[in-house]
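Enquirer: Read off the chains here:
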Amino acid sequence: MAVNDALAGTHKIQEEAAAQRPGQLMPILNDFSQELTTLNLGPTHPATHGIFQNILQMDGERIVSGVPTIGYIHRAFEKLAERKPFYQITTLTDRMNYCSSPINNLGWHMTVEKLLGVTVPKRAQYIRVIMMELARIADHLICNSILGVDTGAFTGFLYVFQEREKIYEIYEEVCGARLTTNMGRVGGMERDLSPAALDKLRAWLKSFPAVMKEFENMFNRNRIFMDRVVNVGPISAEKALSYGFTGPNLRAAGVDYDVRAMNPYSSYEDFEFDIPVGTNGDTYDRFIVRNEEIWQSLRIINQAVDKLPDGPYHADAPHYYLPTKPEVYKNMEALIYHFKIVMGEIDAPVGEVYHSVEGGNGELGFYLISDGGRTPYRLHFRRPCFIYYQAYPEMAVGTTLSDAIVILSSMNVIAGELDA
Amino acid sequence: MAPDSAAAPEAPVAEDPIKAQNAQVLALLHRLFGEATFTDVHEPYGLLTATTTREKIHEIIAGLQQDQELKFHFLTTMCGINYPENVGQELGMIYHLHSMTKNIRLRLKIFFPIADPVVPTLTDLYNTANWMEREAYDFFGIIFTGHPNLIRILNVEDMDYHPMRREYPVEDGTREDKTDLFFGR
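Top to bottom, those sequences are chains D and Y. Taking this note's numbering, the leading residue of the first sequence gets 1, the next gets one more, and so forth. Taking this note's numbering, the leading residue of the second sequence gets 1, the next gets one more, and so forth.
Just chain D, same shape as in the assembly (with noise of 0.2 angstroms):
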């Protein structure tokens, strides 16, 4: 009403500046409708969960198309790494994607040992194992819980959050480091899993369960939620191959692909766990499926605790792991050890070796080529996001402004990890 008003007002308006000025040309009212806006979406917006920047063309509030920028935080991480010893790129790799940095830790030194020709022993695998999948959990319910916070939903979020703590914690207990946790070294983990980091685990695998059946009836079959995300930004799986796609992504698509069961790392194969795959790759198919992940999730740690067998936490490769402080100061040769690893005098061998890891978000790979020297050749990650983001524009284009929020936070694109 109001609205006709107003025109019927401006009509008014020219019509009586015409009569009062006959002959003379008026500017005629615009026609906005095929008018297209240009809305900057970006690079600090509050809801797209870091420095993402989408140049969109809108109809009204249709997208026509999108043009994402990337790079604002570009730190150079492949050229640092040809000038570090292999033990420093670790703490490059925590910078990635930082909601699960123990798996790009980890993924690292597997790489790192798969070139040195180290065996890791059983108990430090069956740890890392421990470790990965808690990150795994951590990095899904970041992304599910934000989701929910997208689609107004806070309560999830907040709820969950407790959660991710507890898990934190139990990195502190581990590495002492909570978020750029540089864990595990080359050859195994840095100290054995206390008893204080066991109770901790035990505890937390008693009282998550509930938690997560709780955010799960909040949102699963949530008529509201459910309206704002099914068929919202769906991709075939066909496109989604071809657009790189890896991780719960691509099993939203319908592509039964992890890594962690097709090619097994870290003794992956000693566990039973099962891999959720989705229909239509739309929003809704994504969240359920790392939803159902973190069920898998939970049944493999709690195998991995069950099962965690005795024995040594490192492999016995004392050119590149460090001996303990009680050695050194007493031991003449651990002191060389100590500090030949430290100063990064440890010459690697010369190959070139591939190794992928399941991510949180996709396949997270490792391109290590190493001439012989104290530092890569050249290393370069393969990073899930940076390859999958790009067909965001396609995904979005079609939908509104308010979908294409949703589209951007159930793709869990990191920030860090797409810029490297």
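You can trust all of the hints, since none of them are fake.
Below, computed lysine-lysine pairings styled on BS3-like, alpha-carbon distance capped at 25 angstroms: (1) Y:Lys71 with D:Lys239; (2) Y:Lys19 with Y:Lys71; (3) D:Lys200 with D:Lys213; (4) D:Lys166 with D:Lys206; (5) Y:Lys109 with D:Lys79; (6) D:Lys239 with Y:Lys102; (7) Y:Lys102 with Y:Lys19; (8) D:Lys166 with D:Lys307; (9) D:Lys84 with D:Lys340.
Residues of chain D placed beyond 12 angstroms of chain Y at every Cβ, according to the derived structure: (10) Thr48; (11) Glu173; (12) Ala196; (13) Asp227; (14) Asp306; (15) Asn331.
Just so you know, the hints here were simulated from the structure itself, not pulled from any lab data. Note that the Cβ used here is the ideal one computed from N, Cα and C, for glycine as well.
Fit chain Y to the given chain D structure using the hints.
Expert: Same frame as chain D, now just chain Y:
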């Protein structure tokens, strides 16, 4: 020099199934594109690696993608590389392909002179090649003919060099406070 105990381990436990698979892929490559196309074939850590030429690379990857037996549908990653001492072949591109149906990975390399860094694009085969090639252009200055939008991706547009080339050191070469007199770095 590599320390004695862990001295240069050869491809550790290259199990027979992997070797057999690689032999199968190599036979297919030779049948489809000719034996002379591939040089320097080896299997570091069980991953079949072959070097070919930039004239052939598009044809080979297109052929592998369409091959009904192996179906290399997935371009895992590609990256540039720079060997300044290989005169005439300073720059390279390394492609990692993955056949998910058979779970076979394949690594293909091409090398070309830094004065003429022109390579055919793969964007017509894989959508994902778009940003990977932009990254290689950004870092190494490799030009991909036929690429729809070959501009820098991670660095700023007005940068006038390609930072991953070996001629650009990580640290400022004029700094003296970082000179290490004891270890000769």
